[in-house]
Amino acid sequence: MLKKRVVATLVVKNGIVVQSINFKKYLPIGKPSVAMEYLNQWGVDEIVLIDISASRNIKDPNYSMITRASEKCFVPLTVGGGISKLEHIQKLMHCGADKISLNTAAIHNPELITSAAKIFGDQCIVVSIDAISTAGGYRVYDYLNNNILDISPAIFAKKAVELGAGEILINSVDRDGSYLGFDIELINSVCELVNVPVICCGGAKNADDFVQVFQNTNVSAASAANFFNFFEHSVNITKSGIKRKMDVRLETYADYKENSFDENYRLLKKTDDELKEMLFVRIEKEVI
Amino acid sequence: MKNPRIVIIDYGVGNTYSVSNAIHSLGYKRLKISEKEEEIQNADVLILPGVGAFEACVKNLKERNLISILNEQVLIKKKPILGICVGMQLLASFSEENGMHAGLGWIEGNVKKLVLPKEFPVPHVGWNDVTIKENSPIFNRNAQFSNFYFDHSYFFDCDDIYVAGYSNYGIKVTAAVQKENIFGVQFHPEKSQTNGLKLFRGFLNSI
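If you read the protein sequences in the order shown, they are chains A and B.
With the numbering used here, letter number 18 in the first sequence gets 18, and the count goes up by one each step, no holes.
With the numbering used here, letter number 141 in the second sequence gets 141, and the count goes up by one each step, no holes.
Chain A with its partners taken away, still in its complex shape (with noise of 0.2 Å):
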């Protein structure tokens, strides 16, 4: 069966991870191939990277450090920002990017999702939305010029899927950093208008709120991006924890299936029997 996928999203500004909050306000976390490797090790099942730098400056993919950035990672890697070109996207699969994600030149530069689908074919080519809340209902948001267009985000998944997207991601600019939860209501709205697969992004805190998103959407993965570089195995204890209730990619040595968790996901510490009998557990390396 296929799993619902536990995305994790990097999002990069002048080459550094930042923690971005409504998308105003950015907090430096640290190098992005270092987040990349632990993100990788910690069994996340996607990764996407968002240079925010590189289409705000109207500048190239940042190529160095996504190749810097890829070399750890064995899981699939979208990469976005400064992409406006047919050439930053061949050069950027030969940097170690499987997937490209198109924001800004999907709003102005549409017939770029059509020419791109037709060479890398359309399973390589993720279309962005930011969607904002307003008093008329969701609308798309072109962060670049700080602009909120007249379209919903559904009619505009559904417009980039008939120009030749493969995978839409859903964006909510309101719950970025918010630790609300996804937006259910958005995403729902996307997910009824496009037959490709939704990637949902916005508002994670924690395991719970991955477990509302895959029970009451139809989205093939959820995303967050603040709380998985917050803490140790941040990933793994997430998956544990959606694991208890359906059935998620878990593989890692750690998998906490033996521990217990608090109300917040908050790992619960083991009695000292069980640590003692911890001490004579002998795990052996496994040589692939």
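It cannot be assumed that every hint is accurate.
What the hints assert, rightly or not - The list that follows gives simulated cross-link-like pairs (lysine to any residue, SDA-like), each with its CA atoms no further than 25 Å apart:
#1 K285/A / A143/B
#2 K32/B / K159/A
#3 K205/A / A117/A
#4 K72/A / Y169/B
#5 K118/A / K118/B
#6 K36/B / R64/B
#7 K118/A / N60/B
#8 K72/A / L46/B
#9 K59/B / V45/B
#10 K243/A / T131/B
#11 K78/B / K179/B
#12 K118/B / A117/A
#13 K32/B / E71/A
#14 K91/A / K36/B
#15 K91/A / N65/B
#16 K159/A / K113/B
#17 K118/B / Q215/A
#18 K36/B / E37/A
#19 K31/A / N21/B
None of these hints come from the bench; they were simulated from the model.
Fair warning: this is a prediction, and the values are worked out from it, not measured in the lab.
Place chain B on chain A using the hints.
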């Protein structure tokens, strides 16, 4: 073979660097990404990576004059080759992606669009379990029902005797094929973490 010379064929479209990274991490040092005839001739094993539309891939192979070189290396010299994703689909006779296009024709069968009910979004993206059909050498280090990362809108419809593994996504999707020295996988072993690395090891150990 202890330390085979591996060439990842560069035909313009394809996530060559990802494949190279994965194989490199297993300790294989004699590894090249190349389109040069001489280097392909000197290789012990070939890898045909993928991420691309079928038509563009065939066009690029033709433009770089790679088809006759590959035919000689694979069909006459019987060098082992592993096609990944669209690289596997290229092994087929024809593909119907954006019109009918001829492939390398090494394994009889056609590449068809995934036409599925609404609850199965297309492309088929994500981690799916693979039912390993026979003891194919490439899977000899993987457990039955290992999961791998898929990302495709078209699938290889071929005779059952060539199918080495399949996965379920509304229909039986061919996940791996084998015919003598020709291997192909629909999923991306370079992006399937430990399971994928085990597959590369199994494949490279089998030669």
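Item to check | Hint numbers contradicted by this structure | outcome: 2, 3, 4 and 18
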